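Visitor: One letter stands for each residue in the lines below.
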Amino acid sequence: MIEVEHITKRYGRVTAVDDVSFRVERGEILGFLGPNGAGKTTTMRILTGYMPPTDGRATVAGYDVFTHPVDAKRRTGYLPEMPPLYPDMTVREYLDFVARIKGVPPKEQKDRVTTVMKRTHIDDVAAKHCSKLSKGYRQRVGLAQALIHNPEVLILDEPTAGLDPKQIIETRDLIRGLAGDHTIVLSTHILPEVAQTCHRVVIIAKGRVVAVDTPEGLKARLQGAETLYVQVDAMGAQAAPVLQAIPGVTRVTVSDHRTGVDGFEIESARGTDIRREIARAVVNSGWGLLELRPMGMSLEEIFLQVTTEEGAAAPAAAPEAPDAVQPETPGGVQ
Amino acid sequence: MNSVRNILAIAGKELRSYFASPIAYVIIGLFALLFSRFFYAYLMVFVQRSSGMMGMGGGANNINQEMIRYVLMNSAVIILFVMPMITMRTYSEEKRSGTIELLLTSPLTDLEIIVGKFLGAMGLYCAMLAVTVAYMGILFFYGNPEWRPVVAGYLGLVLLGGCFISVGLLISSLTKNQIVAGVITFAVFLMLWIINWSADQSGPTMRAVLNHLSIIDHFDDFARGIIDTKHVVYYLSFITFGLFLTAKSVDSERWRG
Numbered sequence: 003m004i005e006v007e008h009i010t011k012r013y014g015r016v017t018a019v020d021d022v023s024f025r026v027e028r029g030e031i032l033g034f035l036g037p038n039g040a041g042k043t044t045t046m047r048i049l050t051g052y053m054p055p056t057d058g059r060a061t062v063a064g065y066d067v068f069t070h071p072v073d074a075k076r077r078t079g080y081l082p083e084m085p086p087l088y089p090d091m092t093v094r095e096y097l098d099f100v101a102r103i104k105g106v107p108p109k110e111q112k113d114r115v116t117t118v119m120k121r122t123h124i125d126d127v128a129a130k131h132c133s134k135l136s137k138g139y140r141q142r143v144g145l146a147q148a149l150i151h152n153p154e155v156l157i158l159d160e161p162t163a164g165l166d167p168k169q170i171i172e173t174r175d176l177i178r179g180l181a182g183d184h185t186i187v188l189s190t191h192i193l194p195e196v197a198q199t200c201h202r203v204v205i206i207a208k209g210r211v212v213a214v215d216t217p218e219g220l221k222a223r224l225q226g227a228e229t230l231y232v233q234v235d236a237m238g239a240q241a242a243p244v245l246q247a248i249p250g251v252t253r254v255t256v257s258d259h260r261t262g263v264d265g266f267e268i269e270s271a272r273g274t275d276i277r278r279e280i281a282r283a284v285v286n287s288g289w290g291l292l293e294l295r296p297m298g299m300s301l302e303e304i305f306l307q308v309t310t311e312e313g314a315a316a317p318a319a320a321p322e323a324p325d326a327v328q329p330e331t332p333g334g335v336q
Numbered sequence: 010m011n012s013v014r015n016i017l018a019i020a021g022k023e024l025r026s027y028f029a030s031p032i033a034y035v036i037i038g039l040f041a042l043l044f045s046r047f048f049y050a051y052l053m054v055f056v057q058r059s060s061g062m063m064g065m066g067g068g069a070n071n072i073n074q075e076m077i078r079y080v081l082m083n084s085a086v087i088i089l090f091v092m093p094m095i096t097m098r099t100y101s102e103e104k105r106s107g108t109i110e111l112l113l114t115s116p117l118t119d120l121e122i123i124v125g126k127f128l129g130a131m132g133l134y135c136a137m138l139a140v141t142v143a144y145m146g147i148l149f150f151y152g153n154p155e156w157r158p159v160v161a162g163y164l165g166l167v168l169l170g171g172c173f174i175s176v177g178l179l180i181s182s183l184t185k186n187q188i189v190a191g192v193i194t195f196a197v198f199l200m201l202w203i204i205n206w207s208a209d210q211s212g213p214t215m216r217a218v219l220n221h222l223s224i225i226d227h228f229d230d231f232a233r234g235i236i237d238t239k240h241v242v243y244y245l246s247f248i249t250f251g252l253f254l255t256a257k258s259v260d261s262e263r264w265r266g
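Protein chains in written order, with the working numbering: chain W, 3 to 336; chain C, 10 to 266.
Hints listed in this document are in silico derivations from the structure and should not be mistaken for laboratory results. A quick note: this is a predicted structure, and the numbers were derived from the prediction, not measured. Ideal placement from N, C-alpha and C gives every residue a C-beta, glycine not left out. All the pointers check out, no bait thrown in.
Taking CB as the label site, the calculated pair distances span: (1) Val16(W) / Ala196(C): 30 to 38 Å; (2) Thr56(W) / Lys185(C): 20 to 28 Å; (3) Ala196(C) / Glu5(W): 45 to 53 Å; (4) Glu218(W) / Pro31(C): 53 to 61 Å.
In the PhoX-like style, the derived pairs of lysine-lysine whose C-alpha atoms are separated by at most 25 Å in a straight line are: (5) Lys109(W) / Lys120(W); (6) Lys137(W) / Lys168(W); (7) Lys185(C) / Lys104(C); (8) Lys137(W) / Lys120(W); (9) Lys168(W) / Lys130(W); (10) Lys104(C) / Lys134(W); (11) Lys120(W) / Lys134(W); (12) Lys137(W) / Lys185(C); (13) Lys168(W) / Lys134(W); (14) Lys185(C) / Lys134(W); (15) Lys104(C) / Lys257(C); (16) Lys257(C) / Lys185(C); (17) Lys130(W) / Lys104(C); (18) Lys130(W) / Lys120(W); (19) Lys104(C) / Lys137(W).
Turn these sequences into a full structure, and let the hints guide you.
Guide: Laid out in structure tokens, this is it:
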């Protein structure tokens, strides 16, 4: 449904998007994830025909957005980062206007406006001026605007930004309900959103695609190593070399260091379970074993890892600050 | 057909946004006020002169040439001052508020958007001129001016206004800040008006070029009641060129991002 092939966008000397390629299948929800300034908005603007790419091509619903912009735009609904509302129009006037310029046939216009207002829960503000709307309503009017011509493709730039938790849940449900009939690309920097709404995730950092996968696949793939958190009371001795010497351990990182308590993150090859070996080594050394638990990787950590990997050449070798990861230690030792 | 519908949708939106804000009312009110001042002044001069002439046994003066012509000439200058207020926000406001993203991602061509905006501004401008028709009505009610020269004069005003609007659109498309757009538009209009004031000191070729460029000079014949194709072509090509440059400006903005 959407094909992006080697898209590059340069603003003068700055490269905002660098050789980005991905595909979105019909009825799929693709999450576009990346830190601010990663090139999400630029990519979306290229897909919607707002600006042409410096290089590469993009096809939406079978139409090249650059050579057949009107055909592509007729099949695309777009919610920009800032909902494009006219302050002096009422919500209904605004949607009427958008319906007209999006090519909704005059006979269907009234029906479409009523339908999308219901669907996005904005019928109660139909007669209000757009300038008087709260952020949450503005966002939803923006979403209604994107849906008005019932487009095959929906491109949503941070659709839940500025909404309260209840509205976020409603909007997510709405977006999930739209999948199937519509193909959706949404950008966000809220990670749980991706896990809850999207079928597939494209992670973008510094203008490059760093990972494309399902949310589950991403978790699995990045957990190439099993990580255990171990907290010991080494009685003043150096515990790290001893732990490093345990067969199967690939990497030991100090994550916590206080008097009497040392926390380590121990990585081993995937699929191995070395908890017994660690326990034995600690006990044999005569130390106190305070805690030993496997560490799951949250999406946040995956995200951080993937997006920073690009900058740091060898992430595995990069020394971590001792308190880079602060595992929540229940109960508080001491 | 589709194009017409799109253009009308944009034009309607523009017109509504003028009348939904105080802009339209301020502009029309201001214009009517200035127009009435000139109208009254020239009417008084005309009445005095005419009664003087009749006292000396001559016939009445020609009101078309002695009064309406000057009133129309002066309206052209008032329009020059008022017009930047109409055009300054057309593009810059859309850019500032981000609504330009809606227009540029809708199935519209740049030309449809530009022509729509042009017609919207023309609509407000014509509403502004319509107010002055009431004043002319007074002359027709109490006197008997020729109507054809008056129509020619109004045609000239419409064309002249079209030129101003096309330049105003272009300048508005270059900036996000409507105040900047307004000030620059005003400066450019003034330049287009006074460009031939020093023409007499320059050589014959230069003088001809400068006189040709002076946008208000072309209005002279219209005010007299003459429709000269030369001037009609000048104004129409001026408008086309202005809109063409606006299209280029919008397109280049798209490439630069």
